[in-house]
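Colleague: Spelled out from the first residue to the last, the chains are:
2 protein chains.
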Amino acid sequence: MSRVVAENLSPSPARDSVPFFDRREAMEMAGVGAAASPTLGHLLKVVGDMRKEVTGDETPAHQALEMRENGMEPRSLPFVLSFSNLTYSVKVPRKMSWPTLFRGRNAATASDPVTGETFFTRTKVLLNDISGEAPDGEIMAVMGASGSGKSTLIDALANRMAKESLQGTISLNGEQLESSLLKVISAYVMQDDLLFPMLTVEETLMFAAEFRLPRSLSKSKKKMRVQALIDQLGLRNAAKTVIGDEGHRGVSGGERRRVSIGTDIIHDPILLFLDEPTSGLDSTSAYMVVKVLQRIAQSGSIVIMSIHQPSYRILGLLDRMIFLSRGHTVYSGSPSNLPLFFSDFGHPIPDNENRTEFALDLIRELEGSPGGTKSLVEFNKSWQTMKRSGNPNSETTALMSTYGLSLKEAISASISRGKLVSGATNDATSTSLVPTFANPLWIELAVLSNRSFTNTRRMPELFGIRLGAVLVTGFILATMFWHLDNSPKGVQERLGFFAFAMSTTFYTCADALPVFLQERYIFMRETAYNAYRRSSYVLSHSLVALPSLLFLSLAFSATTFWAVGLDGGSSGFFFYFLIIFASFWAGSSFVTFLSGVVPHVMLGYTIVVAILAYFLLFSGFFINRDRIPPYWIWFHYISLVKYPYEAVLQNEFEDPTKCFVRGVQIFDNTPLAAVPLALKEKLLNGLSSSLGMKITSTTCVTTGTDILQQEGVTDLSKWDCLWITIAWGFFFRILFYFSLLLGSKNKRR
Amino acid sequence: MSRVVAENLSPSPARDSVPFFDRREAMEMAGVGAAASPTLGHLLKVVGDMRKEVTGDETPAHQALEMRENGMEPRSLPFVLSFSNLTYSVKVPRKMSWPTLFRGRNAATASDPVTGETFFTRTKVLLNDISGEAPDGEIMAVMGASGSGKSTLIDALANRMAKESLQGTISLNGEQLESSLLKVISAYVMQDDLLFPMLTVEETLMFAAEFRLPRSLSKSKKKMRVQALIDQLGLRNAAKTVIGDEGHRGVSGGERRRVSIGTDIIHDPILLFLDEPTSGLDSTSAYMVVKVLQRIAQSGSIVIMSIHQPSYRILGLLDRMIFLSRGHTVYSGSPSNLPLFFSDFGHPIPDNENRTEFALDLIRELEGSPGGTKSLVEFNKSWQTMKRSGNPNSETTALMSTYGLSLKEAISASISRGKLVSGATNDATSTSLVPTFANPLWIELAVLSNRSFTNTRRMPELFGIRLGAVLVTGFILATMFWHLDNSPKGVQERLGFFAFAMSTTFYTCADALPVFLQERYIFMRETAYNAYRRSSYVLSHSLVALPSLLFLSLAFSATTFWAVGLDGGSSGFFFYFLIIFASFWAGSSFVTFLSGVVPHVMLGYTIVVAILAYFLLFSGFFINRDRIPPYWIWFHYISLVKYPYEAVLQNEFEDPTKCFVRGVQIFDNTPLAAVPLALKEKLLNGLSSSLGMKITSTTCVTTGTDILQQEGVTDLSKWDCLWITIAWGFFFRILFYFSLLLGSKNKRR
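Quick mapping for you: the protein sequence lines, in order, are chains U and X. Just so you know, the first sequence maps onto residues 1 to 749 in full-length UniProt numbering. Just so you know, the second sequence maps onto residues 1 to 749 in full-length UniProt numbering.
You may find that some hints are simply not true.
Because identical chains cannot be distinguished in the list, a pair is counted as satisfied if it fits within a single copy or across any two copies.
What the hints assert, rightly or not - Only pairs whose alpha carbons sit at most 20 Å apart, straight line, appear in this in silico EDC-like list of lysine to aspartate or glutamate: (1) K489 to D668; (2) K694 to D245; (3) K222 to E202; (4) K489 to D706; (5) K222 to E175; (6) K291 to E353; (7) K91 to D193.
Rather than coming from a laboratory, the hints here were simulated on the basis of the structure.
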């Protein structure tokens, strides 16, 4: 237990007992000692020099450093996270159905720890009076069956819970942690690997470095940090391989997990929390992951993780463990004390049986018994007290009072030793010790856009599918509405074409929904630790979308404009292209916004399709604006389809000299359409004389403007419609920003 | 190893070493010995009596039975599955990209076992000369890392591969197994639990019993079998609980897995194959599952399963194991011989280390080394030979030649002993020994429909969402098109309403896609072992859908018909309701068919939305039939929306006495619409005199039939349209049937 915080490269006990393992390790992890140490040493020098320049004050840090390095004191641990009497409870609605009340299974749930009861809710205690300490250099494992409170405890320690619902204290070196400081010096590794599938391991880590390492660090220093990390994670052989997904072959599951950990520890955090980092991995991969965690701990970090059934070899890497059962501590101490503990409790662990497996089964057994785990909880308390009083030096309880450094001193010492702690300066107050974001907005924007581009460029099939959809629909519309004539029927068909074409642009945008939803999880993880501003993300998301939207608009407008025979020549085409581009922009903004508020792909898609259908219904095509009932007219004005639809109508029919009904065509949409041409001419003459004006068979009786009048498209000019469509796009992007602000609070209540 | 096939209820060695475990087991598995034995004994008597009546021949079976029970011969195993020299290879496309050729990672893949190489493909050997034997009463475990060929071997033994690609022989009691016989006497338990979420455990097993147990067995006998199975599986406490899913709380993961196994072994199969039955379960649940498998084996079945990292206690339940590495056997024998084997190989297993974990790591280590696992494969061969020659009685190699029963005798003996083997009769030829399906079509239909109804009735929210969607759209349409007038504008709006309303019915059907897709997996599993005919499934699927479609149609037609002011009174409403019902029927058939051919929900939804949009485009609403270009007219006729759209148009406008344009309204859709009324009347008088007929301001100038003429809706009567819509529904159901026939071949190539 007397571990010094410098890199500990002596072989671990587990490796000794498994002789054949050495070779593989040596192969996979080559260069850790050689590459990692000089890099960190280098950075240490740089940061040290910087500090000297800025403040001139380096004594306390170096004193601490030298004390440890020369004196070799057994208690020279700079960081200790301690937590005491953590209690956390939630209110759950009481199930009121009669059948469940009388069912046998409820006997088990009735023994749950419940305190505050009302008629409709009952309080469930998820953590009950948990205390402990975790020093740096060590791995602390939280264990227990599912539902025992493992993840809850990790969340509580990582400050991922609303403060008011958690009782008890958590402190680092005796000082309570402020949320902003904790965000910078800690990392939380989630169970899911949320990585961009088409970036290589090296690129993934490099982007993480650009987000989280201070701007003062040069690009080459950041590269060195990434290379050192690749060696530390044992990822040298996979560095140039893409992460991969279902459709693309990439790195293995264990490598992916280590990349995930790597992106979170790029800034060399002091506190590292992991939620079941080995779940879903085979035993060798799991061992490699925990081995990496040990190395991280030994570089001066506190590592706290939850783990389910560690193998024998992984157990050898753990320094401390806390066993939970329904929110109570049933054991806390080192894994090696487990056999003694259980034999004292009267249930000796049989030879050859895995200790943790035995413990989990015994706990489960007790949970099912009438008395519950009460006896074990009580036994643990008395055992801990007994052990502490018998051997005061074997535990770190009195650690802080004897050799403790203040938090500020410890962080300074840590920076001097090579810990990066992004952008740290040696300011007086601990809150301004570190800035909230590592980079200014424009750098974030550049890095985010660069990453998005790299990722999408390597998945051309996604854009290909959207382009294909646009081209197929364009082709069908072009051949269906091929060279429309200028008769009244042709005018009617033009209206149909415009309504269908404008809806298509919006529907095509819905195809991007899954991509946005997938990316949102990465966004949430990254903004949770302030990797970048939410506004940068929204901006870069918009910027990156534009080129492909431009291309789609061009493809669609070029396919349809001349084929259908639309009016206006090249300037008409230009406006047609612009309004389609604006529609794509507004549509993709709308879908992006929905991806920010809808939790699930299918639900999102159903909602998009339904809302777009209503937009079309209220656009003015099915019912003209002047015929819409007054209680629905508001929906007409918020219909996104209205504006591009009216814009293309005006673009088509704005020419006052173009004729759509000429001479006897005046009877086309009337009951007289069926009478012979000669009679129609006679009727036309009659009309001429009645009206007192000369109407011949070539006289124009309906121009484009008349049609606009008929369709009620009079309230806005075509340029107004264009601007309003573009404005809708911006409006939804802003809503997207707010949805991210509100939606990415990842704290429990 | 000298295990007798009768129920073995003595405590296993693993249980002895874990004293506290006894209590829990006694609790959870209460009644196994008490309830299961009498039930099976009862059935034994029934089947025995039946056999006596039918054939009069019972001597060989009972001789075998008595020989075993009284003589206690060490080799009285009735069933032995043996497989020898199994080799299976696939052609994989060779990766031609240059970067991968020069990358370091390829060193590992280059050592893959490859034989037949061409320039574009290379042959990958997934199984290489695997031999072994599995007697009943024992569990054989296939182990190895992922990709070692575990699942491939299980698939090969379970006859889930195309015969031509698999070399080697598989025989039961020395006779090659015919596929139809194997289907009846075996069961294959997949890794995924595919169960209806809203059925209870008991109901799930009861439905399985109704599908798979012979018709000759009475309902009460089936119930007894289910109750016995519930006890055997240790599911007594969960019997009345629903299975559950994400939205509904149900049984635990381990219980769910045991229910899955239960549905597959309801017919008490002789051969039971399981693909990683413990994956995803915690150690206690996993132990319970394997304990259940041991009990099944001891009731006279051969159990073969793949397993990844069994815990120490599970290892104690396994009788034989085969370790695979890249398709080669690296160890085969009992788990207890593993330490001896590896110390002979020069890598002794350290104390306390899990044997299988050690073995997996060593194999992985060797796979990464230059020589591969060749040394271990060779060592295993020589070790097996040595062991066999040294101790001929300890292995079952010479088993069949000494005490073997023929397959027919063994199956007869098994039936007498209480094995059910669905519908077994003691016929002369082994193929007709058992019928393909347990029940006639009409019983299957009743059971399937009953199950579907039970499941959907317990998820009213699914129907609620669809009803909500229909009612909301109905409400919006009703208020938007409130009391349309009979002017020319009103006629235009009516057309829009009909097009939108008819498309809505189709779009609403798309919401059911995920449910169908989910159910399809259950269907594929069940038809794989001939639980019922595919035709029964298609029929029951159609029948069960009808009531809810009826309700949706009624809701939609009642909401809109009078609100919009549609024509025809009660008979008009009745036809309107009928055609909407027919649309729902055709739409749901179309979506059902798509669910049979589309593998993924998102893809299916996108395709449905796109196709329905094209259906609408070609329905005749956007372009009248007589104006559609000739090269697209075929699409007009396959557009599902055309028929209901034309039907409602005819229903609305068929009345030749109803007037839509009267007097001066004749000018409404012309440029003259804007002139003052007095002038219009003057113009009308002029027209009257020119035409030589009296047209006053109340004269009807356009009737419904004129409008139908204008819209080109003349080729079919409204009843024709109704029948054609219904026929489309049947057509897609038939296509669905064929898609199931083609799509549910679950064999590897």
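Colleague: All hints are to be evaluated individually against the structure, with a verdict given for each.
Modeller: To see whether the hints hold, each was checked on the structure:
1. K489 to D668: both (8 Å within a copy, 15 Å between copies)
2. K694 to D245: Answer is neither: 74 Å inside a copy and 77 Å across each miss the 20 Å cutoff.
3. K222 to E202: Answer is within; shortest intra-copy Cα gap is 12 Å, inter-copy 61 Å.
4. K489 to D706: Close inside one copy (15 Å) and across copies (16 Å); limit 20 Å.
5. K222 to E175: neither (31 Å within a copy, 68 Å between copies)
6. K291 to E353: Answer is between; shortest inter-copy Cα gap is 17 Å, intra-copy 23 Å.
7. K91 to D193: neither (31 Å within a copy, 32 Å between copies)
When held up to the earlier numbered hints, the structure conflicts with 2, 5, 7 and fits the remainder.
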